[in-house]
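Participant: Assemble the whole structure, with the sequences as input and the hints as a guide.
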Amino acid sequence: KSFFLLCPIRFYFRGDLIAAWAGAKITERWESFFSLRVLLNASF
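If you read the sequence shown in the numbering used here, its first letter stands for residue 582, the second for the next number, and so on.
If you are wondering where the hints come from, they were derived from the structure by calculation, not from laboratory data.
Please read these numbers as outputs of a predicted model, since none were measured by experiment.
There could be a bad hint or two in this list.
[What the hints assert, rightly or not] Below, computed lysine to any residue pairings styled on SDA-like, alpha-carbon distance capped at 20 Å: (1) Lys606 <-> Leu617; (2) Lys606 <-> Phe594; (3) Lys606 <-> Ser624; (4) Lys606 <-> Gly596; (5) Lys606 <-> Arg618; (6) Lys606 <-> Ser616.
[Unchecked claim] Label pairs and their calculated CB-CB ranges: (7) Asn622 <-> Phe594: 35 to 43 Å; (8) Ser624 <-> Gly604: 39 to 47 Å; (9) Ser616 <-> Gly596: 28 to 36 Å; (10) Ala623 <-> Trp602: 25 to 33 Å; (11) Leu620 <-> Ile599: 38 to 46 Å; (12) Asp597 <-> Leu617: 27 to 35 Å; (13) Asn622 <-> Ala601: 29 to 37 Å; (14) Arg595 <-> Ser624: 25 to 33 Å; (15) Ala603 <-> Ala623: 28 to 36 Å; (16) Ala600 <-> Asn622: 44 to 52 Å; (17) Gly596 <-> Ser624: 29 to 37 Å; (18) Phe594 <-> Ala623: 40 to 48 Å.
No residue lacks a Cβ here, since even glycine has one placed at the ideal position from N, Cα and C.
Facilitator: Structure, rendered in structure tokens:
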């Protein structure tokens, strides 16, 4: 019984980790893209 209760918790926790990692990757990409835009705007 406890195994079946722990399984979804582990699954959700893993999903949260993947979502957080994906979110960090997306924000990292957006930040680098934004800084690149700022650098391009500053050069012109």
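Participant: Would the hint linking Lys606 and Ser624 be met if the CA-CA limit is 20 Å?
Facilitator: Violated - the C-alpha atoms of Ser624 and Lys606 are around 27 Å apart, more than 20 Å.
Participant: Is 25 to 33 Å respected by the C-beta to C-beta distance linking Arg595 and Ser624?
Facilitator: 43 Å, violated
Participant: Does the hinted range 38 to 46 Å hold for Leu620 and Ile599 at CB?
Facilitator: Violated: the Cβ-Cβ distance is about 32 Å, outside 38 to 46 Å.
Participant: Between the beta carbons of Ser624 and Gly604, is the distance compatible with 39 to 47 Å?
Facilitator: Between Ser624 and Gly604, where Cβ atoms are some 30 Å apart, the hint is violated.
Participant: Can the restraint linking Lys606 and Phe594 be considered satisfied, given a maximum Cα separation of 20 Å?
Facilitator: 18 Å, holds
Participant: Quick one: are Asn622 and Phe594 within 35 to 43 Å, going by C-beta?
Facilitator: Given a distance of about 42 Å, which is inside 35 to 43 Å, the answer is holds.
Participant: Evaluate the given range 28 to 36 Å for the C-beta pair formed by Ala603 and Ala623.
Facilitator: 30 Å, holds
Participant: Taking 44 to 52 Å as the stated bounds, is the beta-carbon spacing between Ala600 and Asn622 within them?
Facilitator: 32 Å, violated
Participant: Given the hinted pair Lys606 and Ser616, is their Cα-Cα distance within 20 Å?
Facilitator: 15 Å, holds
Participant: Between Asn622 and Ala601, does the C-beta distance stay in 29 to 37 Å?
Facilitator: 31 Å, holds
Participant: Could you check the hint for me, namely that Ala623 and Trp602 are 25 to 33 Å apart, CB to CB?
Facilitator: At roughly 31 Å between Cβ atoms, Trp602 and Ala623 fall inside 25 to 33 Å, so the hint holds.
Participant: Check the hint pairing Lys606 with Gly596 against an upper bound of 20 Å on the C-alpha distance.
Facilitator: 15 Å, holds
Hint check: violations occur at hints 3, 8, 11, 14, 16 and 17; the rest are consistent with the structure.
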